[in-house]
Structure formats: structure tokens, C-alpha cells
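Enquirer: Residue-level listing of the chains:
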Amino acid sequence: APDKQLRLGTLAPKNSLYHRQLMEVGEAWRAAQGGNAKFVVYPDGSQGGETELARRMRIGQLQGALLSVVGLREIEPSIAALQSMPLLFKSWEEVDYVREKMRPAMEKKFLDKGFVVLAWGDAGWVRFFSKDPAFKPEDYQKMKFFAWGGEADQQEIMKSMGYTPVPLETSDILPSVQTGMINVVPSTPYFALASQVYTMAPNMLEINWAPIVGALVITKKSWDDMTPETQAAVRAASDKAGAQIRTKARQEVEEAVDAMKKRGLVVNKPNAEQMRAWNDLAEKLYTRIRGTLVPAETFDEVFRHLKAYRAGKTK
Amino acid sequence: MMSRLLRGLTQADAGLAALALVLMAVIPLVEILSRPLMGKGIDNAPVVVQHLGLLMAMSGAIAAERFGHLTSLGVMVPRFYVLGQFGAAAVCGVLAWASGALVFSEMSAEQMLAYGMPVWWFQATMPVGFALLGLKLGARCSQQIGAKFLFALSAPVLGAFLAYSFDGDALPLWPWVIGLVLMLSFGAPIFAVLGGLALALFWQEGLPLASIALSHYQITVNPSLPALPLFTLAGLIFAGTGAAQRLGAVFVALFGGGKTGTVIAATVLCSCFTAFTGGSGVTILALGGLLLPLLQGVGYPERKGISLVTSASALGVLLAPSVPLIMYAIIARVPINTMFLAGIVPAVVMVVCLLIFGGYLRNDGNRQESTAGPAFNMAGLRHAAWVAKWELLAPVVAIGSLGTGFATPTESAALTAIYAVLTQAWAHHELDAQKLGACLSQCTQIIGGVMLILGMALGLTNYLVDAGIPDLATEWVQSVTQNKWVFLLALNVFLFAAGALMEIYAAIVVLVPLLLPLAISYGIDPVHFGIIFLANMEMGFLCPPAGMNIYFASAVFKQPIRTVAASVAPALVAIFVGTLMISWLPLLATGLPSLMASFMR
Ligand code: NA
Ligand code: NA
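Protein sequence lines correspond, in order, to chains A and B.
Heads up: the first sequence begins at 8 in this note's numbering, then just goes up one per residue.
Heads up: the second sequence begins at 367 in this note's numbering, then just goes up one per residue.
So here's chain A without its partners, still in its complex pose (with noise of 0.2 Å):
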């Protein structure tokens, strides 16, 4: 066996955008590591989902994972803050700020709880994909929403306002929609495009509701069991692949609307006034959000955060 292993999981597809990302990073860290050390990403989803991906890194048989939100909540529940506030960012640049103001204290926090985030990075908007055309939130009433079996707590607010949400696998999505179980299912573009979900409910708002992000975190341990160089090695090619990530995500995001707009899938835009409905919407459930789904301290900063942007913007 060799002396030393990096094994990183993540659900991205082999050969995507981010399963080669994640193999500079490894390369890095085998370089600098030298010897016979050895590195392995699974891709695919090949070490279980997310969750499960976070529960072999920390008995220790990964060292490393690339996470949506879905596992990093699994290590640190407060990092659901950024996409559980819906339409709070207008923009990738007020994501962006947000997400590097809060930076320090979300990864000590996770380095409090055994991990070290490597590189921050995003999915796209979750957007709306519905069988039948909804443009303003009472439109959606009728409907059925995919939700995430694990996610109670969002069940809840959304049962409370009125709206309906069917716990569900990620594998059900596709006949549930088919059969008539559930007629929405909030997505990213991208998600929805490999997952052939628009051919099914091919109407999408076009509204950014909450951006999807994503890290990947290595266990303290095996950080710690790296010399001062390798550390600085593998810090310099992360740095670099969360970057490119983001980029190429936010790219990835048109590419595929402009894909699944070829084959037939139709943009509902809202108009101003469906857009105040939205927005009204949004306040109310951010009362419902503030200390239930994220811990009021965390709530507030965000705010915070948001208003000291948008105030420096507009001098």
C-alpha cells in the first residue's frame, strides 16, 4: 500500500468541469508530496451521496469531498444561510461580497468541527420548472413541490404558507413529474438539463431564487498530517480550481438555458408586478426562515452584509 493517500468523492459527473478540477488539486498534493503517495477521486457519486460522503470522511475513509450544500450542512448547519434566503441576492457580484465577508468565520467554524475548506464554489440559481406555465407565487398554489426528504424543516414553511411539498429522492424526480406526484421542481439549470428534468416540466421561471454553492473541504486531519509546503501547495491549486469553478459555472448556467430553450423549453419571465408578489413573498417567509432554517445571528449578518454592498454600490 502506498505511504501516504488523498481520496476525495464528489457526486460531479466523470470528466466534468469538476471532477478535473478536483484531479489538479490531487496532482498537486501528489507532487508535492512525492515518494509513492498516492491520490483517487470518485466521481459519479461512486462513495454514496452527500451525505454519505460527509460520514466517510470523518470515520476517515475519505480525506477529501466536493459538496453541495446538501453534505456541507451534514458537517455545519449554519452554511444553509446562503440559499435558504430566497431572491436576497440580485447578482453573483452581492453573493460573491456576502459569501468573502463571511468566509473567516463560516471556515472556522468548519475547521471547529474537523474540516478545512479548500475552495469555495457555485452551481447556478435555482429556478422554478413546472409542467404547466406559473409566473407569480399563487400560480405555484395548485401545485406539488419536489422537496428534499431530509429537509423538514423547510417542509414545514412551506406547508405553512399555503404550498405543498413532496418528500422525494433525487432519482424519483423524473416519474414523479411524469405521473403527476409532483408538477414542480425547483433546480438549477444545469441540474435540470443533465437530469432531463425540463423534457418533463419544461416551463421555467425566470427568477433567481437562491444560489446553489458548493466547497471542498478535506478532513483536519489529513491537513494536518501535510508538511508547511505541501499545505501551500495544495492551498495554491485549490485556490485556482475554485476559481476556475465559479467561472465556468456561471457560464455553464446560460449554456445550458440557451441547450434546453433549443428543445423546446419555455422562459416565463415575471412582470413587475408578478415580481412585487414574489418579493412579498420573500419577506414573509424570511420571518419564518430567521432562526428556524437559519440561526437568527447568521440571519441578521447576511443582512448586514447585503445592505453595506448594495449601500457602497449606489455611492
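Hint data in this document are derived by calculation from the structure and do not stem from the laboratory.
Just to be clear, a hint being listed does not mean it is correct.
[What the hints assert, rightly or not] What follows is a list of derived Cβ distance ranges for each label pair: (1) A:Glu213 - B:Pro761: 53 to 59 Å; (2) A:Glu280 - B:Leu953: 19 to 25 Å; (3) A:Gln258 - B:Ile835: 33 to 39 Å; (4) A:Ala112 - B:Ala378: 57 to 63 Å; (5) B:Pro538 - A:Gln203: 45 to 51 Å; (6) B:Leu953 - A:Gln203: 18 to 24 Å.
[Stated by the list, open to error] Beyond 10 Å from chain A on every Cβ pair, some chain B residues (computed): (7) Phe433; (8) Ile511; (9) Gly512; (10) Leu519; (11) Val763; (12) Ile784; (13) Asp832; (14) Ile927; (15) Met962.
Quick reminder that beta carbons are idealized off the backbone N, C-alpha and C, glycines included.
Place chain B with the ligands on chain A using the hints.
Expert: Below, chain B with the ligands alone, put in the same frame as chain A:
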């Protein structure tokens, strides 16, 4: 008093398992009912049901051990039976330690399940369960009370001590493998041998042993998994009442009562029943005593009748909602509904192939027995169908609730189980509390045993993935042939051998992740591959050494295993022909799902 308390305690496993199963059926029903009311329902219901599944499977497995229902390949060397049990008990000790390590790691990052219960409370059933299994297997090493205690404690403690001392170190593989092969031949349970192998493989790389415990946890709490025990429960309830008889009457009336009609009716009935009982051999238990006299009554030879019932009972695997079909959907990550649709035509093809190529319709020898029975009688059919209306509606409840979007797979299974209970208890008055209890207990034991094998097999699979074996296998086979048809033929031969050697669930869990990427590289659709895979596994039910149907038939019909095995040889040929047809004509499997998809769009 004291002894009654003690006996109650030792039987607590079955009670706990049954209680968990009842909750697994009731909670999804509450969710269905509360959905339109937009009421609160039950917090985090799907995940709670999944974790009840863990509790049910673990306690069911312990009960299965108590009744001697854990699957083994039989005792080939009786003199060393004790060594096999001792080894299995030691493996359980290692597993208890490994799952204990998992629980500790979870406690360090506590997640809430619902109502203030952390997830690790349920995970703790694993170390406790494996420890108890170790104790019980150890106790089997002797008849004498003192020695029983000694073995019960020493074997699992030895395993746990090994794990404690060497977890994380790289140990050599071969001594373990030799030990495990010996254990298998001495009659150790299959799960212990599979688990031991997974442990040895992780150990040789110095990887954490908790990985195997995590794989076991992962498969047991899979969101689609609760459908397994619930559909099985429905099948067992129908098997335990007069449902089989009523259905048999319908099919006999449908196909005409003569020899030909009865043969077709028996075959179709066996297949439909297996769709619910999941090829666990329960079909033969439920129908064997009913169908053999029926066949003999129309002048069918006994041996041929045994052969027909035994082989037809393997066919339902492709028919919804069979458990292997669900299992494949889970492992290959394809939608369950799609697999259900894909299996229908191939299942019919298999039945037709069995009847024609198996020679079951041929009239050999006794020509004086006329094949022409009483003419088809509409009134008779209508009467039989009316009497069996509740049973005939069961597939409608199961597949209808799923197909119309009324229920998720788990909810549909819960609905079917409760439907079975209510119709048999209230409409037919054939199910009392005692009988229901027996069905619950039998179901938890079957699923408990299956889950142990599945969990350990998934640990093994996780090692194969970890070592990059699927990629290597794909590269190697691609270098041998690029021809899809040749590959399909080779695949069938390989799977036939695998089906004969492996338990069906272990085969699905280990071989699907290994072979699916390979099949995809030859342009084979995952749904089509699943049907090919399961069709081959049907042959495995009829082939020694792991052909469960032969053992069940031998027990039910009181015939030597060798006689039964020889009698099903024509059926094997027929099923192989059917399998080849299904392999080479992908449209048989993929046609119906794509037709439905374009229809629903
Ligand atoms: Na989930
Ligand atoms: Na088999």
C-alpha cells in the same frame, strides 16, 4: 415468573421488529391522509420510516438467527460445524466494533431525526445487534450450558479485540480468505462470510473498518427500501390465507379447466404470486400444496408438476412490484416506476417460453387423458373473479397508486400491506391477530436476513469501487470484444453462473455496480440491462448450490434435492432461451416505458 420474564426478554427481538414494521406501514398512510388537508402530518416521515427499517431489519435478523433462518449454504462438513459458528460469531464481534466506531463518529456531529431523537439512537441498533448475533452464534458452539456461555462470550470478544488492536493497520489478506472459505463450508451464515471478506479486504489496505458498517447503514436506510418489507408483508398475508385458492380458481376458469388450461393457470398464478413474495421461496410454500393436487387431478404427472411449480415460482421476479426489481432500481439509480413497466412484457415472454420450450404443454405418454377440459364458461369466470375480487385488486392498489402519482413507492407499499390486512381480515375473516402476528414475524425475519446479506455485500461493493475494479473490468472486457451481441451472450453465460453461485440480493448489490458501466459502454440501456440481469437471476433460483427454489420444493414436496434439481432441467433451458430473446430484443424491455413516457408528455 422469572423464567417467563427471561423468555419474554429473549423473544423481545421479534416483538420489536413487528412493532417497527407496523409503524412503517402506518406512518406513510398518515402522510397520505394528511397531504390534502395540508396538515402537519408526521415530522420528517420518510426518514423516520427508513430508520424504523434499520431497527426492524436488525431485530428481525436476531429473531431469524433464533429460529435458524439465517441463510447458509448448508453444512458440508458437519464435524466442523462448531468452527463455522465460532468464526461467524467472531466476525460479528468485529462488525459490532466497526459499527460502534461509526456510532461514535456520528455522536461527534449529532443530527436530529425527529421529535428530539438523534439519528445515532437508531444507528446504535447496529453495534448492539451485531453483538447479540455474535453471542447467539457463539452459543451454538456447544450444548452444555457452561461451555455455551464461554463460547458466546469469547468468540465476539475475540473479534472485537482484533478490531480494536488492528483497525487502521494493513493486514495480509490470504489467511482470512482461507478461513472464510472453510467457515462457509462448515455452515456459517452467508452474511458472516461476506462481511468477513469485506472486512479482510478493507483491512489489507489499512482502511477504517467502520466503512463496512457505514455501507450497511447506507443500504438499510435507503429511501426506497421500506417498500421491500411492506410488499413482502402483503405477499405473506395473501400466502397465509385462502387468497391463493381464490386466485387459482380465477385463472383456471380463465384458461379453461382442462390439462392445458390448468397448466397455464398454475404458471401464471405462480408468477403473479412471486411478484409479491419476491422469489423468497414463499410462493412454493404457499402454492405448492394447492397446485400439485390440482395438476395431478387433470392427469398431469407428479414429477412434471413439481418441476412446473418450482420453475414457474422463479418467474415473477420481473413482474411488479417484485423486491429484486425494486432492489435493482435502487442500486442502478433508475426510477422504480420505469423498472415496473419495463418488466411486464419480458415477464410474459418468460412465461410463454417456459410453457413452450420447457415442454410443459406437451402431452407425453398417457394419451387417454384428454387435454380438452370443460369448455370455457363465462359465468364460471365471473363467479370466480367476484369471489377473488379483493385479491385481484391488490396489484391495482400497488401499481395504480404509484402510477397515478397518488403515492411514493414507500407509500404505495404501505398501502398495499394495509390493504392486504384489511381485506383478508374484514372481507374474508381469514386473518386474526395471531395469524397477522405470525406474518409480521416471518416478514421481519426474511427481510432481516436479506438485509444482513445486502449490507455486507454493499461493503464488499464499496471495496471494489474503492479499488477502481469497475473501471478495470470495463477496460479489460472492451479489449476482448467490441461486438455488442457477443458481449450480450457472454454476459448471459456469466450471469447464469453468478445466479447459480450467489444469493440474488448479494448478486444485485455486488455485480450491478460492476457490470452496469460495462453494459453502458456497449450502448445497453440501464433499464434493459436490469431486465437481462434479473432474468438471469431467475435461472439462479433453479440451479444448485444457491438455487433457493430447489431447496424449498424439496421440503414442500418431500422429494430428494437431486430429483427436484433434475426435474427442472428443461425449465432451465427454456428460461435461458427466454433470457437470450430478452437480451437481443431490447424493445421488449424498453418499449413499454418509452411508450408511456411519450403518452404522458
Ligand atoms: Na434525502
Ligand atoms: Na441464486
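Enquirer: Verify this label for me: leucine 519 of chain B is non-interface relative to chain A, using a Cβ-Cβ cutoff of 10 Å.
Expert: 27 Å, holds
Enquirer: According to the definition I'm using, a residue is off the interface if its beta carbon is farther than 10 Å from all beta carbons of the partner; does isoleucine 511 of chain B meet that for chain A?
Expert: Fine: 39 Å to the nearest Cβ keeps isoleucine 511 of chain B off the interface.
Enquirer: Has the hinted range 57 to 63 Å been met by the Cβ atoms of alanine 112 of chain A and alanine 378 of chain B?
Expert: Once the Cβ atoms are compared, 49 Å apart, the range 57 to 63 Å for alanine 378 of chain B and alanine 112 of chain A is violated.
Enquirer: Against chain A, does valine 763 of chain B keep a CB gap of more than 10 Å to every residue?
Expert: 15 Å, holds
Enquirer: Verify this label for me: phenylalanine 433 of chain B is non-interface relative to chain A, using a Cβ-Cβ cutoff of 10 Å.
Expert: 33 Å, holds
Enquirer: Per the hint of 33 to 39 Å, is the separation of the Cβ atoms of glutamine 258 of chain A and isoleucine 835 of chain B within bounds?
Expert: 36 Å, holds
Enquirer: Holds or violated: is the Cβ of methionine 962 of chain B farther than 10 Å from all Cβ atoms of chain A?
Expert: Per Cβ check, methionine 962 of chain B is inside 10 Å of chain A; nearest 8 Å; violated.
Enquirer: Over 10 Å from every CB of chain A: does isoleucine 784 of chain B meet that, or does the non-interface label fail?
Expert: 19 Å, holds
Enquirer: Does the no-contact call for aspartate 832 of chain B survive, Cβ to all of chain A over 10 Å?
Expert: Given that some Cβ of chain A is not farther than 10 Å from that of aspartate 832 of chain B, nearest at about 8 Å, it is violated.
Enquirer: Quick one: work out the minimum CB distance from glycine 512 of chain B to chain A and report holds if it exceeds 10 Å, violated otherwise.
Expert: Glycine 512 of chain B clear of chain A: closest Cβ-Cβ about 39 Å, beyond 10 Å.
Enquirer: Could you check the hint for me, namely that leucine 953 of chain B and glutamine 203 of chain A are 18 to 24 Å apart, CB to CB?
Expert: 21 Å, holds
Enquirer: For the pair glutamate 280 of chain A and leucine 953 of chain B, does the Cβ-Cβ distance stay inside 19 to 25 Å?
Expert: 51 Å Cβ-Cβ, so the 19 to 25 Å window is violated.
Consistency with the previously given hints fails for numbers 1, 2, 4, 13, 15, ordered from lowest to highest.
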